[in-house]
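J.: Here the structure of chain P is known, so what remains is to put chains D and L in place on it, guided by the hints.
Residue numbers (the numbering used here), protein chains in the order written: chain P, 646 to 860; chain D, 13 to 260; chain L, 1131 to 1355.
Hints may be right or wrong, so weigh each one.
[Stated by the list, open to error] Derived Cβ-Cβ restraints for the label pairs, each shown as a range:
(1) A688/P with R1290/L: 24 to 30 Å
(2) S1223/L with T719/P: 46 to 52 Å
(3) L1132/L with K818/P: 49 to 55 Å
(4) W96/D with H839/P: 39 to 45 Å
(5) G785/P with L1139/L: 28 to 34 Å
(6) P799/P with V1191/L: 50 to 56 Å
(7) G1333/L with P799/P: 29 to 35 Å
(8) E821/P with A1245/L: 52 to 58 Å
(9) R246/D with G1333/L: 45 to 51 Å
(10) L1161/L with E843/P: 51 to 57 Å
[Claimed, not checked] Here are a few chain P residues that face chain L, going by a calculated C-beta distance under 8 Å:
(11) V658
(12) C662
(13) S701
(14) G702
(15) P706
(16) G709
(17) S738
(18) A739
(19) Y749
(20) L753
(21) A755
(22) L759
(23) R761
[What the hints assert, rightly or not] Simulated coverage check for chain D against chain L, where a stretch passes if three residues somewhere in it have a Cβ under 8 Å from a Cβ of chain L:
(24) 152-161
(25) 172-182
(26) 229-236
Think of the hints as simulated: they come from the structure by calculation, not from any bench.
Virtual Cβ for every residue (Gly too), placed ideally from N, Cα, C.
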Amino acid sequence: MARPAVAAALEVVDVECLRGDALIFEHLSFGVPAGHVLQILGANGSGKTSLLRMLSGLAPPDSGEIRWQGEPTTTSPRWREELLYQGIAGGFSANLTVTENLEYGQALAARGALMRVSEALDRVGLGRYGDTFTGRLSSGQRQRAALARLVLIPARAWLLDEPLTALDRDGKKLLEGMLRAHTEGGGIALVATHQGLEVPASCLHTLDLDTRTVC
Amino acid sequence: MFKTLHKYASPMHFHALARRWSTPLLWLSAVLFAAGLAGGLVMAPADYQQGESFRIIYVHVPSAWLSMFAYMVMAGAGAVSLIWRVKLMDALARAAAPLGASFTALALATGSLWGKPMWGTWWVWDARLTSELLLLFLYLGYMALQSAIDDRRAAARAGAVLAVVGVVNIPIIHYSVEWWSTLHQPATITRLGAPAMATSMLIPLLLMALAFQLLFFALLFIRARSELLEFEQRSLWVRELLGQGSPR
Amino acid sequence: MLSTPPASLAILRREMLRLYRRRGQLMQPPLFFILVAVMFPFAVGGDENQLRALAPAVVWVALLLATTLSLEDIFRGDHEDGSLEQLVLLAGSLPGACALKALAHWLSTPVPLIAMAALMSAVHGLQNETRTALLVSLLLGTPVFSLVGTIGSALTVGVRGGALLLALLILPLYIPVLIFGAGAVRNATLSMASGSEYFFLAGLSVLAATLAPFAAAAGLRARLV
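Pulled out of the complex, with its shape left as it was, chain P reads as follows (with noise of 0.2 Å):
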């Protein structure tokens, strides 16, 4: 299968991050290709979610550089144009339905959206839930209306924590769907998770955090 020639290349260069006064990492280098899905395993406090929070720009790497697409992300604005970040508390509002968080957030954004909120909705499975309170859904549902946000809202990267967390077997079909056609788009993806992806192998590697292999 052809692959549209847009460079999506993520570099990581010998971060280091400390919480307070611990060191969660350091001299930490990696890189994601364009097409690519990054899986990052890790015990529990390896810094799965530190990694992320640090790559996304939340908060910025204590030593070390991350290049998007060659320019540093401390300068180039592009990468916080171009990724979205899904933390593990999700970023919906309780008592905004679903329709209205998922509209704010395109809003946000201020990206354009690929579809209606209603089509992002069907595509998750969540059509019927478009005027329920956010508060309301169970936590698998929720973790759907996320999904919807990622096919709503224009990225070429996708920073995702703790995805698979309640989903059942269709939804994480549904997200390995989506991550195989996000890569075949060019886009790269970080996940971190402990659970196996269906995705093709070639577009696969593994960053484990414990052993510091990147494979």
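T.: Chains D and L only, in chain P's frame:
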């Protein structure tokens, strides 16, 4: 000169500099204190209006000056830390805060002592005292914020923002309190002002001011050293200094 | 690619929706305000003249304290559900977003309190000049409460005992507004003009509107690590 500044912006070098200079500064300030107190308490003549009690200005006025100076140091270090991310500045700001608060408390206490013979009470809502009181609250707020946030670096950065906001507000607070106090202070009541200064009174005051200044820097260096050690505890130079091996 | 509404409208709309959906909580500051205002006559003694002289001060202090109670909520809910991270990452201008948060706060807390103050002053039979001075001073000065409040809320987000810490941080910053605001009303009761007080209040509001959003944004970034 920039090279020297750049060198001492490194925590390791500043730590060495601070260690070298703390004790000499303490001695120097002690000498100046002795000279200033001798001049102020013994040699300067008593004020014709306020009698002996005015001598408290030799402690009150310098400590009030230093209370403001310390806040400027705190806010300045905070601003540098926020703009240029100089780690040393976080340590300096955190070190300056308790010192500034102490000077403020001292200024309030001595102001109270000064006023008691004049007003008959331990406290009046005089413009200067009230401003000092609000300054004390600014310091206490900064210190409370530091202790409430677990992550030392995040705490220092948040404190820097607070200190810069505070520094913008200090002129506003001074002016509004001044305005407020002129409303309720009839002109006949003596304000907490220094009497017209003869040279024999002024020189001890300046000596005391210089003594306080050097004391502040000495104590700042001492405190900053321990803050730096805590901030940089993972660094090689700290571990070597403390005689430890590499961690884990 | 479909177009989306402007981000600033979306932020404001979301804030107002979020606040409206928790309107029970919005009742707390007015309730606190009434409690404080009602306690005073009992403490002061029933002397009408003394009460009328103290009324401007009581209204200002009660309103200030009631507003302080509500400040924590500006960023706490977003911090807890993760939407604060999304805001920091996606918002084109974080200071702009903070300014909008301040506006939403002002509309939802100080403004209803001002309405209550107007009601109470009518009920207590304050003279027209006093009532006008009260309302004008509150309208000119309360934006500072909301704007500076966002700074305090940003700095203390997620901290244990945050509400009290927040109060300690911002009360010194509120004092100038209190001085000029209550001063303006006192002048009116003495039939003096309050022009300079209004001028200072307006100046403080403009200064706060210009600078506070940047400080709040800096505070958020400082805490988000």
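J.: All hints are to be evaluated individually against the structure, with a verdict given for each.
T.: Taking the hints in turn, this is what the structure says about them:
| no. | hint | verdict |
| --- | --- | --- |
| 1 | A688/P with R1290/L: 24 to 30 Å | 28 Å, holds |
| 2 | S1223/L with T719/P: 46 to 52 Å | 18 Å, violated |
| 3 | L1132/L with K818/P: 49 to 55 Å | 27 Å, violated |
| 4 | W96/D with H839/P: 39 to 45 Å | 41 Å, holds |
| 5 | G785/P with L1139/L: 28 to 34 Å | 32 Å, holds |
| 6 | P799/P with V1191/L: 50 to 56 Å | 51 Å, holds |
| 7 | G1333/L with P799/P: 29 to 35 Å | 44 Å, violated |
| 8 | E821/P with A1245/L: 52 to 58 Å | 55 Å, holds |
| 9 | R246/D with G1333/L: 45 to 51 Å | 48 Å, holds |
| 10 | L1161/L with E843/P: 51 to 57 Å | 55 Å, holds |
| 11 | V658 | 20 Å, violated |
| 12 | C662 | 10 Å, violated |
| 13 | S701 | 6 Å, holds |
| 14 | G702 | 7 Å, holds |
| 15 | P706 | 11 Å, violated |
| 16 | G709 | 16 Å, violated |
| 17 | S738 | 6 Å, holds |
| 18 | A739 | 6 Å, holds |
| 19 | Y749 | 5 Å, holds |
| 20 | L753 | 5 Å, holds |
| 21 | A755 | 5 Å, holds |
| 22 | L759 | 7 Å, holds |
| 23 | R761 | 7 Å, holds |
| 24 | 152-161 | holds (count 6) |
| 25 | 172-182 | holds (count 8) |
| 26 | 229-236 | violated (count 0) |
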